[in-house]
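> Starting from the structure of chain A, add chain B where the hints point.
Number of protein chains: 2
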Amino acid sequence: MRDEQLSELGQQLRVDSVRAAAAAGSGHPTSSMSAADLMAVLLARHLRYDFGHPGHPGNDHLVFSKGHASPLLYALYKAAGAIGDEELLTFRALGSRLEGHPTPRLPWVDVATGSLGQGLPVGVGLAHAAARLDRVPSRVWVLCGDSELAEGSVWEAFEHAGYERLDNLTAVVDVNRLGQRGPTRHEWDLAAYARRAHAFGWHTVEIDGHDCAAIDRAYGEALSTSGQPTAILARTRKGRGVAAVEDREGHHGKPVPDADAAVAELGGVRDLRVSVHAPPRVSPAWPPPARPVVLPRYDVGDTVATRNAYGQALAALGAARGDVVALDGEVADSTRAESFATEHPDRYVECYIAEQQMVAAAVGLQARGWVPYAATFAAFLTRAHDFVRMAAVSSANLNLVGSHAGVAIGEDGPSQMGLEDLAAFRAVHGSTVLYPCDAHQTARLTAAMADRSGVRYLRTSRGGTPVIYGPDERFPIGGSKLPRASDEDRVTVVAAGVTVHEAIAAADRLAAEGVRVRVVDLYSVKPVDAETLRAAADQTGCLITVEDHHPEGGLGDAVLDAFTDGRPVPRLVRLAVRTMPASATPAEQLREAGIDADAIAAAARTLVGVAA
Amino acid sequence: MRDEQLSELGQQLRVDSVRAAAAAGSGHPTSSMSAADLMAVLLARHLRYDFGHPGHPGNDHLVFSKGHASPLLYALYKAAGAIGDEELLTFRALGSRLEGHPTPRLPWVDVATGSLGQGLPVGVGLAHAAARLDRVPSRVWVLCGDSELAEGSVWEAFEHAGYERLDNLTAVVDVNRLGQRGPTRHEWDLAAYARRAHAFGWHTVEIDGHDCAAIDRAYGEALSTSGQPTAILARTRKGRGVAAVEDREGHHGKPVPDADAAVAELGGVRDLRVSVHAPPRVSPAWPPPARPVVLPRYDVGDTVATRNAYGQALAALGAARGDVVALDGEVADSTRAESFATEHPDRYVECYIAEQQMVAAAVGLQARGWVPYAATFAAFLTRAHDFVRMAAVSSANLNLVGSHAGVAIGEDGPSQMGLEDLAAFRAVHGSTVLYPCDAHQTARLTAAMADRSGVRYLRTSRGGTPVIYGPDERFPIGGSKLPRASDEDRVTVVAAGVTVHEAIAAADRLAAEGVRVRVVDLYSVKPVDAETLRAAADQTGCLITVEDHHPEGGLGDAVLDAFTDGRPVPRLVRLAVRTMPASATPAEQLREAGIDADAIAAAARTLVGVAA
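If you're matching them up, the sequences are chains A and B in order. So the first sequence is numbered by our numbering: it starts at 56 and just counts up by one. So the second sequence is numbered by our numbering: it starts at 56 and just counts up by one.
Next comes chain A alone, as it looks inside the complex (with noise of 0.2 Å):
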């Protein structure tokens, strides 16, 4: 495109911007209008990308890390000629693709934005991905509000970016010196961001945004920069174009006043049509076929954390599928990645201390097809719990890992213990949550995880637990195992995880009392496996729900779950970590918050009315 028409480009985008949020009723033209010269030139003269193959491998990424600029999206897709003109004046309506926030329903869309500050730490991910295991020469362009330059989040991605000398990434900051409710902190001070970004190892570009030949030579410096990500920082002003929004406070968020008169002012709908670079021609360093995992067996009665079980079935699964990538939080040592990261170092990546940044990352290597675990503690996964919320909205596939679950950790104390996890991640949509108990199921379960769609999150337990199931046993996600059972049970304890073994030692304390009672290992936490429940209760008339885990949103929620349809439920008794606990033997903390074996036994005879 000849530079003359970069700018009438970038007024096309305007105009169409306040088109579609004047059809919407709704959204955030005055946010795409800052932006709109930044994105006609790089959609005109530097972008690669085949729109009628999103899945090739050698596109560039454009992430819109400030999502609310949705407008200026779909203008862009209009304008490469991927949507219409009636599809664009679809914006916000209930069926459209085109959402107020931009999701993969579009298949240009990598990864869902919305919530501000993850689009640069996904970003990271996607040029990871490129660079170091495809090795292709794809570039990952995202678009920052400066307002969510606020969120920690996005220093964690500037760190981690330009110590990994990511030189595949730009971020385009639209520095429009407006925030939703006023000012921002630095508001013009292009210098701000720029000795923030340069402290952090990037090379920075300052220009006024509005200017096309800045804006190109901009694109061309970052494009030439090796060894460095690349931070162009652009003046621009909010609601650029149109007079009575231009850089004035009280018009985040909305549709112009007269859309007919901006457009007008704008000077008036146009049809430009960009030829956007196709891709180049690229040989991914694919991984080569599956091959069988031969997962680790260990022996019948030993004593395994679950912990090291996921280590060695991760790296096990590492050897028979090349597309598996670890990250771990600087406790691999702790969660066990380390026998992958050992194995396959190629395919891991060390985040150091930024759950935030590892989780993104996740999500952008599995826009790229690859098939990321990230571990960290599982208290800790609740630093990046909108990652995950944001993730599902991408419907990523993605597997989490979180060890040290609950008060069986022991002397560490509560800040170390996932008691909070089970809830959270049970409320992610299309979720999977498994909390195994012994080795032979967590290395079955970290395999299987990797087939299924959405966010997994297996949960670990730090001390060992015996060995119960055989190497050769069966766990598909949905079901549960019945480590006791038989046709006189009175009582059916549903446990998983550390708490199984507690229950186990209840049951046959209480089988020897006369009282026979079964054991349901519930595994999968989510989906449940309502069957078995309603068939134990059918038989035996009342549930025990055990877990290590405060009483809200986990186990016992989850074995209610399946008598909401309607029918009679049976009596339930919940044990769970109802106080706050300290430091302590792990024997000890369980004790303390009343579900071991001894509280598990207690909590039966009162149900089946026998007397200790």
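Any given hint could be a false lead.
According to the in silico footprint, chain A covers these stretches of chain B (three or more CB under 8 Å from chain A) [as the list claims (entries may be wrong)]:
| id | stretch |
| --- | --- |
| 1 | 170–181 |
| 2 | 274–287 |
| 3 | 457–468 |
| 4 | 624–636 |
No wet-lab data here; the hints were simulated from the structure. Note that the Cβ used here is the ideal one computed from N, Cα and C, for glycine as well.
Only chain B this time, still in chain A's reference frame:
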């Protein structure tokens, strides 16, 4: 304390750290030993603290952001005479106050740490409270690890404190080069950290962290720096003083191999006692006694968004109570905290889009006796989930408000919808979860939550809902309301927030069909009004729960919790958001999710066995 004694004190702190961890059989002595000289000089020369009066308003604050260095903290307490040697050796034992990571069970600990990257953001809150609210010369000293500088939350704190020129805040960074798993990103590159901190507006000092004279000078420089917070970047050696572990990998988080030999190598047990400087006499600018709150009044039948009622009630509460402080994540125009900001600008803290820092600041404020209300979109509070979790470990009293609940927000789409928040907040130990449906209820609950202990969460709605309760109606926490109830009710619908109005519409429609339906307005989701729910179950036989939230962990689970005492549970159907929403109008969203009046009426008809 004389110069030559300072390094002796440092050795004592190392010895006591080694001894405490040896007695416990676990803990982090090597992470304590690197920072021992830094803390020795602070305690002996610069900290102003009355250990006999931890609530003294003139006290400095010492926050161990690297909470795993707890042996060092407890060794400091011993050196200050606050605890004895016998108690020191109870480290990590059941019943001891000396937990694996510090918590406010010890009166000198303001906030729990142990989830890295939280101490500095909380320190920002403490510094703000001291300098801007209490207006006393208390200083805040935060001991940070080098590894935790990878956390984005730390950079939110650097940004906030630098921008706000909190010169009473000093970060002491123990750059010991080794993280948990191995070397940190920047190892001993102090300049890398200095560039970053400097770019964010901080004064920086680089020192040898084992040179007591240099440490002393650095603190002096921090004290004499005005208009900027100071970061002291100290090069140290992990495990300093014990050759077997000093600067060696593989010794994180475990006792030194031979404690007796280590103590001998460190020069043996000492019993130096430090006379810590007394805090200055201060007259904090504490607020006047509270006056009665004059809450806003609305006309029954008017349409008012609960977020509006929140803003107006908070402003009214702020007029009555001088101890109330509002915080917001740059969306005060949306959460309506703006009403408070306008009326009480001195007690409004703009946190920009940094939700972790916002919650951390609230935790810091409450530690100095202020009553914080921190608000953003419910969806974006997920960003701070780990901070909320840790606030509970801190026994912090704070109010969090999440606006834009559920699919009812309409066109903006799922990235902006709080659909997991009830699950996350219910699972927090000791939390209160409130979800009002009308303006008067919101106003009352906004005022009432101030006096509750623990983490209190209020969920508000974007769109207007009818005012259905009078201005003098009471809404006790733990209670509920029955907007529709009779002796002939055949089914009970339990709802909250926006679904209360859908339930009422359904009940009125079914009443016209001859089917009486009870409606429970369960505005107190936690604690839950079990008595009313059980009575409704007994009287009507079956329940429908309906919530604008994913099905896991929210209202439905809260209702079931009332029936887990071993007594029979009613038949129950739950309606919740089971799909991933896209853009649509609010009414379309409720319909698509199956939580509108039509869906409720259909479920009720099925349960009671009548045709539509």
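> If a hint holds in the structure, say so; if it doesn't, say that too.
Here is what the structure says about each hint:
1. 170–181: This one holds; 3 residues, not fewer than the three required, reach chain A with a Cβ under 8 Å.
2. 274–287: Coverage by chain A is violated here, the residue count being 0 at a Cβ distance below 8 Å.
3. 457–468: Coverage by chain A holds for the stretch 457–468 of chain B (4 residues, Cβ < 8 Å).
4. 624–636: Contact hint for the stretch 624–636 of chain B vs chain A: holds, 8 residues under 8 Å.
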